[in-house]
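Engineer: Sequence:
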Amino acid sequence: QVQLVESGGGLVQAGGSLRLSCAASGRIFSISAMGWYRQAPGKERELVALIDSGGSINYKDSVKGRFTISRDNAKNTVYLQMNSLKPEDTAVYYCNMVQIRNYWGQGTQVTVSS
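Numbering (this note's numbering), first residue to last: 1 to 114.
Calculated directly from the structure, the hints in this document are not laboratory data. Quick caveat, the model's predicted, so the values are computed rather than measured. For every residue, glycine included, the Cβ atom is placed at its ideal position computed from N, Cα and C. Keep in mind that a hint or two might mislead.
Simulated DEER-style distance windows between Cβ atoms [what the hints assert, rightly or not]:
hint	residue 1	residue 2	range
1	A74	T111	14 to 22 Å
2	W104	S53	17 to 25 Å
3	I28	K86	30 to 38 Å
4	R101	S17	31 to 39 Å
5	L47	Q3	35 to 43 Å
Here are the computed lysine-lysine pairs in the DSSO-like style, where the Cα-Cα straight-line distance is at most 27 Å [unchecked claim]:
hint	residue 1	residue 2
6	K43	K60
7	K64	K86
8	K75	K60
9	K75	K86
10	K43	K75
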């Protein structure tokens, strides 16, 4: 079994910053990629940022230059530094890990007030 535990969500004013963390534990043997998705009310879940085992990174266009994903392989942890937050960034953010299949965290709420 694999568990993903997220932390760092909350309420912030527009222009502010938050840092999300996600730690993976359990049967970890070969992680292909880790990243973050988000889902706003009434919308589909979408990719925010993903980093693969080789260090290649993919960002959603609207967060480029504002969000930074990083990964600590020794700790099986992925981070998402979110700066210059906008109200449209408001969503539940889900940690994702790919190891043979997809694993998901429980989600953490990020609310950006205008």
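Engineer: State for each hint whether it applies.
Structural biologist: Consistency of the hints with the structure:
{"no.": "1", "hint": "A74 to T111: 14 to 22 Å", "verdict": "violated (32 Å)"}
{"no.": "2", "hint": "W104 to S53: 17 to 25 Å", "verdict": "holds (19 Å)"}
{"no.": "3", "hint": "I28 to K86: 30 to 38 Å", "verdict": "holds (34 Å)"}
{"no.": "4", "hint": "R101 to S17: 31 to 39 Å", "verdict": "holds (33 Å)"}
{"no.": "5", "hint": "L47 to Q3: 35 to 43 Å", "verdict": "violated (22 Å)"}
{"no.": "6", "hint": "K43 to K60", "verdict": "holds (15 Å)"}
{"no.": "7", "hint": "K64 to K86", "verdict": "holds (13 Å)"}
{"no.": "8", "hint": "K75 to K60", "verdict": "holds (25 Å)"}
{"no.": "9", "hint": "K75 to K86", "verdict": "violated (30 Å)"}
{"no.": "10", "hint": "K43 to K75", "verdict": "violated (32 Å)"}
Going through the hint list in order, the structure does not satisfy hints 1, 5, 9, 10.
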